[in-house]
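Start from the sequences, fold in the hints, and give me the full structure.
Protein chains in written order, with the numbering used here: chain A, 2 to 113; chain B, 3 to 115.
Note that these hints are calculated values from the structure, not bench results. Among the clues, some could well be false.
Stated by the list, open to error - Taking lysine to any residue and the SDA-like style, the derived pairs with C-alpha atoms no more than 20 angstroms apart in a straight line are: (1) A:K100 to B:S67; (2) B:K81 to B:V17; (3) A:K43 to B:W9; (4) A:K100 to B:E103.
The structure displayed is predicted, hence computed values, not measured ones.
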Amino acid sequence: KQEVTQIPAALSVPEGENLVLNCSFTDSAIYNLQWFRQDPGKGLTSLLLIQSSQREQTSGRLNASLDKSSGRSTLYIAASQPGDSATYLCAVTGTGFQKLVFGTGTRLLVSP
Amino acid sequence: SQTIHQWPATLVQPVGSPLSLECTVEGTSNPNLYWYRQAAGRGLQLLFYSIGIDQISSEVPQNLSASRPQDRQFILSSKKLLLSDSGFYLCAWSTSGGGYEQYFGPGTRLTVT
Chain A
2 KQEVTQIPAA
12 LSVPEGENLV
22 LNCSFTDSAI
32 YNLQWFRQDP
42 GKGLTSLLLI
52 QSSQREQTSG
62 RLNASLDKSS
72 GRSTLYIAAS
82 QPGDSATYLC
92 AVTGTGFQKL
102 VFGTGTRLLV
112 SP
Chain B
3 SQTIHQWPAT
13 LVQPVGSPLS
23 LECTVEGTSN
33 PNLYWYRQAA
43 GRGLQLLFYS
53 IGIDQISSEV
63 PQNLSASRPQ
73 DRQFILSSKK
83 LLLSDSGFYL
93 CAWSTSGGGY
103 EQYFGPGTRL
113 TVT
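Right under this line is the structure:
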């Protein structure tokens with residue numbers, strides 16, 4: 002059974018810092034990995050999707066990497082801003098159906 | 003462009019009452035549809051997924067059921083709510099086929115009292 006872990010559970014940084022969020026999964030037979038952002042009381046916003054054949058994806062100040070063999074992904078946020086404050090979730094899709102298995106998230110607080 | 007709607011946004015229901023949550027997707031056809039629940043202190047859990055009308059699979063045994071009366075409409079129901087059904091319910095869609103992103107709706111906050 003696939004299990005996804007995110008470390009740290011919470012992170013507080015001053016504005017402008019670069020930061021890394023970590024995601025690990027137990028079964029390396031994934032189809033893709035997706036990073037999401039969730040604001041309090043809101044739905045999920047898809048940030049980046051990495052296919053299993055890819056090593057990384059970039060969108061603006063965000064860069065996600067994937068090392069499938071070691072079961073790890075990182076989300077790098079450059080020059081953090083207070084508007085980046087949210088919970089970040091990673092999720093993996095197995096090679097069967099497209100259902101996502103989610104991690105428990107990292108709650109990020111960026112202080113001005 | 004595609005959009006996904008959920009309603010109601012919030013709901014407070016007594017134990018034993020019925021439930022109906024609705025999700026609709028616009029701007030795409032034959033999407034895969036999903037219901038997730040996010041309970042307090044727990045991660046997101048897939049409840050149901052559907053690859054077509056009348057093709058619904060349940061991921062966990064529970065007090066809930068799902069139906070897909072139209073291609074882009076997905077409904078989550080219960081005949082009698084339990085306290086443990088409280089949570090944040092999210093609907094999502096993806097393009098049919100494999101390997102595509104899932105896009106989530108705004109969610110419904112359900113409180114069972």
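Here's how the hints hold up against the structure:
About 18 angstroms separates the Cα atoms of K100 (chain A) and S67 (chain B), which keeps this hinted pair within 20 angstroms; it holds. Distance check on the hinted pair: K81 (chain B) and V17 (chain B) sit about 11 angstroms apart at the alpha-carbon level, within 20 angstroms; holds. Between the alpha carbons of K43 (chain A) and W9 (chain B) the distance comes to roughly 13 angstroms, so the proposed pair stays at or under 20 angstroms and holds. The suggested pairing of K100 (chain A) with E103 (chain B) holds, with an alpha-carbon distance near 11 angstroms, which does not exceed 20 angstroms.
Violated hints are absent here; each numbered hint is respected by the structure.
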